[in-house]
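One-letter residues, chain by chain:
Number of protein chains: 4
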Amino acid sequence: MQYKKDVLRESLLVEAEQEFFEKGYLNASLRQIAKRSGMTIGNLYHYFESKEALFHELVKNEHENFIYMMKHHYEHEFVLDARGSGDIRVWKGFLRNFLSDLKPIFTKRFLIMLDMSTGTNYENTKGEFVQFVSAHFLEHSKDAATARVTSPKFAELISRQLIDGIMYAIRSVPDENERLDLLTDLFLFYMMGINEMTKY
Amino acid sequence: MQYKKDVLRESLLVEAEQEFFEKGYLNASLRQIAKRSGMTIGNLYHYFESKEALFHELVKNEHENFIYMMKHHYEHEFVLDARGSGDIRVWKGFLRNFLSDLKPIFTKRFLIMLDMSTGTNYENTKGEFVQFVSAHFLEHSKDAATARVTSPKFAELISRQLIDGIMYAIRSVPDENERLDLLTDLFLFYMMGINEMTKY
Amino acid sequence: MQYKKDVLRESLLVEAEQEFFEKGYLNASLRQIAKRSGMTIGNLYHYFESKEALFHELVKNEHENFIYMMKHHYEHEFVLDARGSGDIRVWKGFLRNFLSDLKPIFTKRFLIMLDMSTGTNYENTKGEFVQFVSAHFLEHSKDAATARVTSPKFAELISRQLIDGIMYAIRSVPDENERLDLLTDLFLFYMMGINEMTKY
Amino acid sequence: MQYKKDVLRESLLVEAEQEFFEKGYLNASLRQIAKRSGMTIGNLYHYFESKEALFHELVKNEHENFIYMMKHHYEHEFVLDARGSGDIRVWKGFLRNFLSDLKPIFTKRFLIMLDMSTGTNYENTKGEFVQFVSAHFLEHSKDAATARVTSPKFAELISRQLIDGIMYAIRSVPDENERLDLLTDLFLFYMMGINEMTKY
DNA sequence: AATGAATGAGGGTTCATTCAT
DNA sequence: AATGAATGAACCCTCATTCAT
Numbered sequence: 318m319q320y321k322k323d324v325l326r327e328s329l330l331v332e333a334e335q336e337f338f339e340k341g342y343l344n345a346s347l348r349q350i351a352k353r354s355g356m357t358i359g360n361l362y363h364y365f366e367s368k369e370a371l372f373h374e375l376v377k378n379e380h381e382n383f384i385y386m387m388k389h390h391y392e393h394e395f396v397l398d399a400r401g402s403g404d405i406r407v408w409k410g411f412l413r414n415f416l417s418d419l420k421p422i423f424t425k426r427f428l429i430m431l432d433m434s435t436g437t438n439y440e441n442t443k444g445e446f447v448q449f450v451s452a453h454f455l456e457h458s459k460d461a462a463t464a465r466v467t468s469p470k471f472a473e474l475i476s477r478q479l480i481d482g483i484m485y486a487i488r489s490v491p492d493e494n495e496r497l498d499l500l501t502d503l504f505l506f507y508m509m510g511i512n513e514m515t516k517y
Numbered sequence: 318m319q320y321k322k323d324v325l326r327e328s329l330l331v332e333a334e335q336e337f338f339e340k341g342y343l344n345a346s347l348r349q350i351a352k353r354s355g356m357t358i359g360n361l362y363h364y365f366e367s368k369e370a371l372f373h374e375l376v377k378n379e380h381e382n383f384i385y386m387m388k389h390h391y392e393h394e395f396v397l398d399a400r401g402s403g404d405i406r407v408w409k410g411f412l413r414n415f416l417s418d419l420k421p422i423f424t425k426r427f428l429i430m431l432d433m434s435t436g437t438n439y440e441n442t443k444g445e446f447v448q449f450v451s452a453h454f455l456e457h458s459k460d461a462a463t464a465r466v467t468s469p470k471f472a473e474l475i476s477r478q479l480i481d482g483i484m485y486a487i488r489s490v491p492d493e494n495e496r497l498d499l500l501t502d503l504f505l506f507y508m509m510g511i512n513e514m515t516k517y
Numbered sequence: 318m319q320y321k322k323d324v325l326r327e328s329l330l331v332e333a334e335q336e337f338f339e340k341g342y343l344n345a346s347l348r349q350i351a352k353r354s355g356m357t358i359g360n361l362y363h364y365f366e367s368k369e370a371l372f373h374e375l376v377k378n379e380h381e382n383f384i385y386m387m388k389h390h391y392e393h394e395f396v397l398d399a400r401g402s403g404d405i406r407v408w409k410g411f412l413r414n415f416l417s418d419l420k421p422i423f424t425k426r427f428l429i430m431l432d433m434s435t436g437t438n439y440e441n442t443k444g445e446f447v448q449f450v451s452a453h454f455l456e457h458s459k460d461a462a463t464a465r466v467t468s469p470k471f472a473e474l475i476s477r478q479l480i481d482g483i484m485y486a487i488r489s490v491p492d493e494n495e496r497l498d499l500l501t502d503l504f505l506f507y508m509m510g511i512n513e514m515t516k517y
Numbered sequence: 318m319q320y321k322k323d324v325l326r327e328s329l330l331v332e333a334e335q336e337f338f339e340k341g342y343l344n345a346s347l348r349q350i351a352k353r354s355g356m357t358i359g360n361l362y363h364y365f366e367s368k369e370a371l372f373h374e375l376v377k378n379e380h381e382n383f384i385y386m387m388k389h390h391y392e393h394e395f396v397l398d399a400r401g402s403g404d405i406r407v408w409k410g411f412l413r414n415f416l417s418d419l420k421p422i423f424t425k426r427f428l429i430m431l432d433m434s435t436g437t438n439y440e441n442t443k444g445e446f447v448q449f450v451s452a453h454f455l456e457h458s459k460d461a462a463t464a465r466v467t468s469p470k471f472a473e474l475i476s477r478q479l480i481d482g483i484m485y486a487i488r489s490v491p492d493e494n495e496r497l498d499l500l501t502d503l504f505l506f507y508m509m510g511i512n513e514m515t516k517y
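Residue numbers (this note's numbering), protein chains in the order written: chain A, 318 to 517; chain B, 318 to 517; chain C, 318 to 517; chain D, 318 to 517.
Treat each hint with caution, since some may be false.
Same chains, same label: a pair holds when it works inside one copy or across any pair of copies.
[To be verified] List time: in silico DSSO-like cross-link candidates among lysine-lysine, alpha-carbon distance up to 30 Å:
hint, residue 1, residue 2
1, LYS409, LYS425
2, LYS352, LYS368
3, LYS425, LYS340
4, LYS425, LYS443
5, LYS443, LYS420
Rather than coming from a laboratory, the hints here were simulated on the basis of the structure.
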């Protein structure tokens, strides 16, 4: 039975992923999830004790990876320091590698955790992520001659935008390579924009 | 009681604005809106004949202004042509004026219409806006040497990002001047980013 | 003001007639009636103290006439006695006159009182009418050789049918002459049917 | 609880039958039906997914039988041809057999489908039935010397009356044999009436 | 492990009626 | 005489959750 149990549990998570992705946490229906898994609503509660718990199980690994990444971000620091180089092709190369490494993080469930979690304990995660990236930006613009991009509000805005761009790529571009291209251009766009902004 | 009608109707609209803003159309509760206005749910239906009608009343002016702006966008065309100038201060001046003109459009209710309208007739408005801006981008990048930003997917992404940036400014920056500054920087950022992208 | 009052009151009755006719008492909406009269729901209550009272005002004359007719039915007795005659044209002539005399009774409001009054004090009127006609039938078949049509259940059925036929004519045939023709044929049909039934 | 399901479901259908029978579809209350079955309104939705679905379950068999009967009516054609016989007892015999065969059709739920279904998909069924019988009448009166009963309006009226008579028998005569007697007399009455009408 | 019956609260909506103005 | 704001109960329906089997 253990085998069957795991299969069903996994099926529930898969269908829950789709349901949360389509409707968000609050509007997702446990009945729908159970039905899609060919299962009874009552039985769903044998696997997950509540709607919130199901959501938690769905994204907890993503959350851990995400937290880990935030704690160890300095390992990737070099990438952003590559801005010093004048050659855009070098930048692109670094960026593509960097983003390729992040593939395991930028998953559908990661998107769900950040963007479809209103009503759960995770609803502030996106804000935390924004703050993290924003702090990053501010830190790196200390060297810059002017303080324009050090405006916290603008840094937060740009950070949120970047994150929303990532979300968009995950949500709308299913093909992995195409998505990586898009993300690379997106990051390039942001880095060059910031670069330019600090010139004046 | 005639005199109270306008007051209460306005109160309902204000509370509805808050409720829709917080929860979105589908999750907003008419009972909540009525309660916040010190009123019974039944009475709310004296003022608005349905949830959708209430939403419509809330955003219809915003929608009209928005449509008008899209139809008459060429009047502001000169702004973007100012990109030819090499002086960033000229750009900023133009942008600030341009965005100042748009102030009556970038309201909280506009945000609600674009971002909290799932389930209403307005739910596609944001998509239309994105397409509009995206077409604009593509048109203006015909002159550019390379076709990088003419990738429709990237143009759409950038357009969506820009619009989301506007939404963010409306949502998070209450002070008008501060918001105008932020939006100016945001647009500047996008124009320079696009400018740079077309170089390579 | 008295003049205006009567006009409005009459207008309310006219619109109520239409509403009750279309939806029946329970499903009729006072709001609709007021709206159709270009009037406020509140003001309707100045003219009629309740939904039931409005219905009562609408059909009370019909009810009085109806009661009067039932009490004085013997005045029309001769008509039915004409059955003795073997000539169908004589029957038809009598019937047409008889039914023409009843025109003031067979009105739309009479129909409403009998068929659209569920939920009011009048909801049993149709049953009383059926019993009245049924008693009539039974009385006249005492002379007949057999007791077939004296079966109370059958008499009641035939009576109800006849009344429903009248209702149908009122409801579905707007032209007065056409309606009179139809009713004449209908009564003829019933008289001949009864005549035949008593033969065996 | 599996064992209770069928019992409760049946109970709901029985109570629904009573409620629809008493108040018609639109005025029937699901709360009442649930309460009468000793159940919560929410639970009723475990058994039937909507008010309309409940109504559908109640009458779907009746509707199928009814459609089948209309398609295969020619099998019973001989009955009406028996009119050629001069002996009323022969008619009665045929009629009684004919109507006895129809017993499974003339049920309380059949009555609900025809007469209490306003607001459902079945609300036109009675009209279709009337047209069916009416066409039947018209077809059989082609042979007759005169065109009196071929008046479509009169044929429709008579057809509606006959059907209403059946409805009355179902509604008011619980005993099966008594009902069969009544229906036989009713049909006899109509056949003789039509017969007589075509004489003149 | 699995079923699905059952609950209770909440959703949007309509209604007859009351009453201050 | 007239307005229309306000109430409260009822409508159909959906949901997360509980629990006896």
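Going through the hints against the structure:
Within a single copy, LYS409 and LYS425 get their C-alpha atoms as close as 25 Å, which meets the 30 Å cut-off; across copies the closest is 38 Å, which misses it. In this assembly of identical chains, LYS352 and LYS368 lie within 30 Å of each other by CA distance both inside one copy and across copies; the values are 15 Å within and 22 Å between. Within a single copy, LYS425 and LYS340 get their C-alpha atoms as close as 14 Å, and across copies as close as 23 Å, so both meet the 30 Å cut-off. In this assembly of identical chains, LYS425 and LYS443 lie within 30 Å of each other by CA distance both inside one copy and across copies; the values are 14 Å within and 22 Å between.
Taking the closest pair of Cα atoms, LYS443 and LYS420 come within 30 Å of each other both inside a single copy (18 Å) and across two copies (28 Å).
Violated hints are absent here; each numbered hint is respected by the structure.
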